[in-house]
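> Residue numbers (full-length UniProt numbering): 1 to 905.
Careful, some of the hints might be misleading.
Under the rule of at most 27 Å between Cα atoms (straight-line distance), these lysine-lysine pairs were calculated in the DSSO-like manner [unchecked claim]:
{"id": "1", "residue 1": "419", "residue 2": "430"}
{"id": "2", "residue 1": "652", "residue 2": "665"}
{"id": "3", "residue 1": "898", "residue 2": "513"}
{"id": "4", "residue 1": "327", "residue 2": "298"}
{"id": "5", "residue 1": "513", "residue 2": "525"}
With beta-carbon atoms standing in for the labels, derived distance ranges [as the list claims (entries may be wrong)]:
{"id": "6", "residue 1": "510", "residue 2": "350", "range": "39 to 47 Å"}
{"id": "7", "residue 1": "357", "residue 2": "802", "range": "32 to 40 Å"}
{"id": "8", "residue 1": "510", "residue 2": "338", "range": "33 to 41 Å"}
{"id": "9", "residue 1": "895", "residue 2": "790", "range": "16 to 24 Å"}
{"id": "10", "residue 1": "514", "residue 2": "877", "range": "56 to 64 Å"}
{"id": "11", "residue 1": "338", "residue 2": "280", "range": "50 to 58 Å"}
{"id": "12", "residue 1": "256", "residue 2": "877", "range": "38 to 46 Å"}
{"id": "13", "residue 1": "880", "residue 2": "793", "range": "52 to 60 Å"}
{"id": "14", "residue 1": "793", "residue 2": "683", "range": "42 to 50 Å"}
These are computed hints drawn from the structure, not numbers from a lab.
All residues carry an ideal CB built from backbone N, CA and C; glycine is no exception.
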Amino acid sequence: MEYRDRQTAPAAAVELAGGEDLWWSSSADVVTTTAGRREPPPLTHEDNRGFLQMLREKKQRLGMEAAKVEVAFERLTVEADVRVGRRAVPTLLNCAINAAQIKGKVMYNGQAMNSSTPHYLRAYVSQYDLHHPEMTVREMIDFSSKMLGTSNQLEMLGEAIRRKKGAINKVDQDLDSFIKILGLSECADTLVGDELRRGISGGQKKRATIGEMLVGLARCFFMDDISTGLDSSTTFEIMKFLQQMAHLMDLTMVISLLQPPPETLELFDDIILLCEGKIVYHGPRENATDFFETMGFKCPSRKNVADFLQEEFHYNNANTVGEAILKIRGQLTQWHWYWICVSILFGYSVAFNILSIFALEFMNSPHKHQVNIKAAKGNLEYSCQMVGNGNTSTDQAILPFRPLSLVFDHINYFVDMPKEMTKNGVTEKKLQLLQDVSGAFRPGVLTALMGITGAGKTTLLDVLAGRKTGGYTEGTIKIAGYPKKQETFSRISGYCEQSDIHSPNLTVYESLKFSAWLRLPSNVKPHQRDMFIEEVMSLVELTDLRNAMVGIPDATGLSAEQRKRLTIAVELVASPSIIFMDEPTTGLDARAAAIVMRTVRKTVDTGRTVVCTIHQPSIEIFESFDELLLMKRGGQLIYSGSLGPLSSSMIKYFEAIPGVPRINKGQNPAAWMLDISSHTTEYEIGIDYAEVYRNSSLYSILQPVVAMERVVLYREKAAGMYSTMAYAIAQVSIELPYMFVQVLMFSAIVYPMIGFQLTAAKFFWFVMYMVMGFMYYTLLGMMTVALTPNIEITMGLSFLIFIFWNVFSGFILAREMIPVWWRWVYWADPAAWTVYGLMFSQLGDRTELIRVPGLGEQTVREFLEAYLGLQDRYFELVTCLHLAVIALFAFLFFLAIKHLKFQRR
1 MEYRDRQTAP
11 AAAVELAGGE
21 DLWWSSSADV
31 VTTTAGRREP
41 PPLTHEDNRG
51 FLQMLREKKQ
61 RLGMEAAKVE
71 VAFERLTVEA
81 DVRVGRRAVP
91 TLLNCAINAA
101 QIKGKVMYNG
111 QAMNSSTPHY
121 LRAYVSQYDL
131 HHPEMTVREM
141 IDFSSKMLGT
151 SNQLEMLGEA
161 IRRKKGAINK
171 VDQDLDSFIK
181 ILGLSECADT
191 LVGDELRRGI
201 SGGQKKRATI
211 GEMLVGLARC
221 FFMDDISTGL
231 DSSTTFEIMK
241 FLQQMAHLMD
251 LTMVISLLQP
261 PPETLELFDD
271 IILLCEGKIV
281 YHGPRENATD
291 FFETMGFKCP
301 SRKNVADFLQ
311 EEFHYNNANT
321 VGEAILKIRG
331 QLTQWHWYWI
341 CVSILFGYSV
351 AFNILSIFAL
361 EFMNSPHKHQ
371 VNIKAAKGNL
381 EYSCQMVGNG
391 NTSTDQAILP
401 FRPLSLVFDH
411 INYFVDMPKE
421 MTKNGVTEKK
431 LQLLQDVSGA
441 FRPGVLTALM
451 GITGAGKTTL
461 LDVLAGRKTG
471 GYTEGTIKIA
481 GYPKKQETFS
491 RISGYCEQSD
501 IHSPNLTVYE
511 SLKFSAWLRL
521 PSNVKPHQRD
531 MFIEEVMSLV
541 ELTDLRNAMV
551 GIPDATGLSA
561 EQRKRLTIAV
571 ELVASPSIIF
581 MDEPTTGLDA
591 RAAAIVMRTV
601 RKTVDTGRTV
611 VCTIHQPSIE
621 IFESFDELLL
631 MKRGGQLIYS
641 GSLGPLSSSM
651 IKYFEAIPGV
661 PRINKGQNPA
671 AWMLDISSHT
681 TEYEIGIDYA
691 EVYRNSSLYS
701 ILQPVVAMER
711 VVLYREKAAG
721 MYSTMAYAIA
731 QVSIELPYMF
741 VQVLMFSAIV
751 YPMIGFQLTA
761 AKFFWFVMYM
771 VMGFMYYTLL
781 GMMTVALTPN
791 IEITMGLSFL
801 IFIFWNVFSG
811 FILAREMIPV
821 WWRWVYWADP
831 AAWTVYGLMF
841 SQLGDRTELI
851 RVPGLGEQTV
861 REFLEAYLGL
871 QDRYFELVTC
881 LHLAVIALFA
891 FLFFLAIKHL
901 KFQRR
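Using the sequences plus the hints, can you model the full thing?
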């Protein structure tokens, strides 16, 4: 077909039956060219809109509206293999293999794009202008219209005929309008040309490339760099028309531009900004600058927005937020420093491990502290004499005490039945541990409480001493004929535990003096107290060790038997009338045990009532006791009475029972007694020792035993050294001076280094909030210790609380940035109140302008209000909350110390 012979019909209206006009014409006069062709006048923006509305109304009146197309893409990735060869000659493999691989999804109206998707729905405008050089611009656009739009026009005409609208005369005015809009009227009849043929200019070729796609049926246009070769005015005109076309014709257009003018950029609805193949922004055009300002990239006042978006992302011209923060803090930001730091940390770890290995291998363990003994010659001779002949002192005590007896009658003790026994079929609700036990302890008599394992010795001693924290007790206990009251009984009794618990940083004399200060009556004069301490040290043979450090067991300080004597002395300085001792010789060798028992004997000779539990004693130790209280399994008493010379009374009693084996010559009476009182022997001879004892004349005296306790508090509290409230107040009060000293030292160094204002008022607020912070952290630790049974649970609970406090304190994450459903934790966090108070008191009145990345220039106060949510009305509130939480933690600590007892006896 020869397009140059084509005749252009004059402009005429397309009329349907009934005289309805579907033709649009400009309001201006018709222009006649030199060739005699009649053309519409140049179109304005309003004319463009009217032209597009006319096209839309045509389809609406015929009911031929085109469908809207939405293009969506997800995780779109384009990859290509990179191969290096010696020559660039095409090969069969290169032609057969597609090097580019496309991953992800591209969807049209929710349907995946594939070969079945109509190709005419999408049009691509390349950045390269490839045309037939021998065609004119008009012929090229007309040819494109015929190839891309004929079917659409025929469909419209056929639909009009089917609707019986009448005869239709087709005109070509649409193409002329497109040509005028694209600024191609002057070269409409000029050959396109190429490198060998003279034709239109490069800018005109670009506009022709755009025009030949616009006349088709495509609903989606993808245009690549369509502004190349065009001036800014022409670019704006074309982009204005494309904007109107997209809005009025419901088209989808994606256009890439390299350097768009500001007025052209404002025509776009959305912007997709790419950087190194990745989308860094996709959203409304008007929000692009605000988005990047929030990340610290602010567009200068005289900078084009398009240039700003393309230039600010060069890594040589801008820093990341993390890099900026590191540089503000003077940190190194080069990547190699990361590996240098890792290497340094690894080097430290290796070095410390090597030093530890060498220290353990070649260095000796710390030597025990040697005690420098400086004693008078007379004292030394006296001590040697006492060790040699065992004489005891019965001199009148400086602080006299009243000898008291302890009588207990029909003692029964029950506990709730263990669940394991209930599961095994036991129907009783309570388990009885002591069965109708009666007896008495007398002043000046050393009584041994013995029995096989499970006999109830410890249970009986705990019940008599008032140290049981659970269970049900029946029977009566009387002191010197009066009913026992635990509040006063703890003042007249002492308890020497099996574990020697003492402060390692005190000397022997200081330990005794501390106990005497707390436990002796207030009417005792200081010089009497000091003389009594000296008397007790002489009694337990600690005078030569008065200035020795107690030290750590098995490491430094006193030996095991010296510690045991110190334990006895700590109780004796309270001048008790009744003393309970739990295993005073356990863990000691024969010589040390003899020294301890000599001390115990001296204590008894002062007229005190002393009861000792003891396991497997030697003959010498066993025969140092005056009386014996023996129990069998089940909490029943089988012997209570005097041992006699060489344990003759006890041996005579048991040998008188029919069937009991006689003691062998040289056999330890204590071992023989425990052997014959076992459950197996009792079963073999067919007797009940408890029944035999109840029918004997010895049914009169019993002695208790105590279980080992875990902490000093329970021992001293049970001994009546002080009340629970006194202990709690002392624990809290002793921390206050240390906290004040720490805060003052910290504040004096840190406050000026930070650069806060050097005023008395601000420094006072800083110190006050730091003191309150130190205080509630300390009280939290004390409270968790009091609320938990062991240190492992305490540390786990404290660690969990500290993590929550740090995360929600407002320092890592500002309050306004915390999710709403977690914001309640912020207000429940005392650490957040401290940060709030420090920030507000130091910076709340500052009006200096600061430049905050992403927020622009504002005053310090405005930043605190916007970013941290600081307000005046909360300042007084957080100050009161500090005092409230300190009082709360202290109250819970006092309450837990008083009422929670994790000691189970």
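> Does each hint hold? Answer for all of them.
A quick look at each hint next to the structure:
For the hint linking residue 419 to residue 430, the alpha-carbon distance of about 11 Å falls within 27 Å, and the restraint holds. A hinted pair counts as satisfied when its Cα atoms are at most 27 Å apart, and residue 652 with residue 665 qualifies at roughly 14 Å. The suggested pairing of residue 898 with residue 513 holds, with an alpha-carbon distance near 26 Å, which does not exceed 27 Å. Between the alpha carbons of residue 327 and residue 298 the distance comes to roughly 19 Å, so the proposed pair stays at or under 27 Å and holds.
As the CA atoms of residue 513 and residue 525 are separated by approximately 13 Å, the hinted pair is consistent with the 27 Å bound. Checking the proposed 39 to 47 Å range against residue 510 and residue 350 shows it holds: the Cβ atoms sit about 44 Å from each other. With their beta carbons about 33 Å apart, residue 357 and residue 802 fall inside the hinted range of 32 to 40 Å. Range check, residue 510 to residue 338: Cβ separation about 54 Å, and the 33 to 41 Å hint is violated.
Under the hint 16 to 24 Å, the C-beta atoms of residue 895 and residue 790, about 19 Å apart, fit the expected range. For the pair residue 514 and residue 877, the beta carbons lie near 44 Å from each other, so the given range of 56 to 64 Å is not met. A hinted range of 50 to 58 Å is violated for the C-beta pair residue 338 and residue 280, which are about 25 Å apart. Range check, residue 256 to residue 877: about 56 Å between beta-carbon atoms, so the 38 to 46 Å window is missed.
Distance hint check: the CB atoms of residue 880 and residue 793 are about 32 Å apart, inconsistent with the given range 52 to 60 Å. The beta-carbon spacing between residue 793 and residue 683, approximately 44 Å, falls within the hinted interval of 42 to 50 Å.
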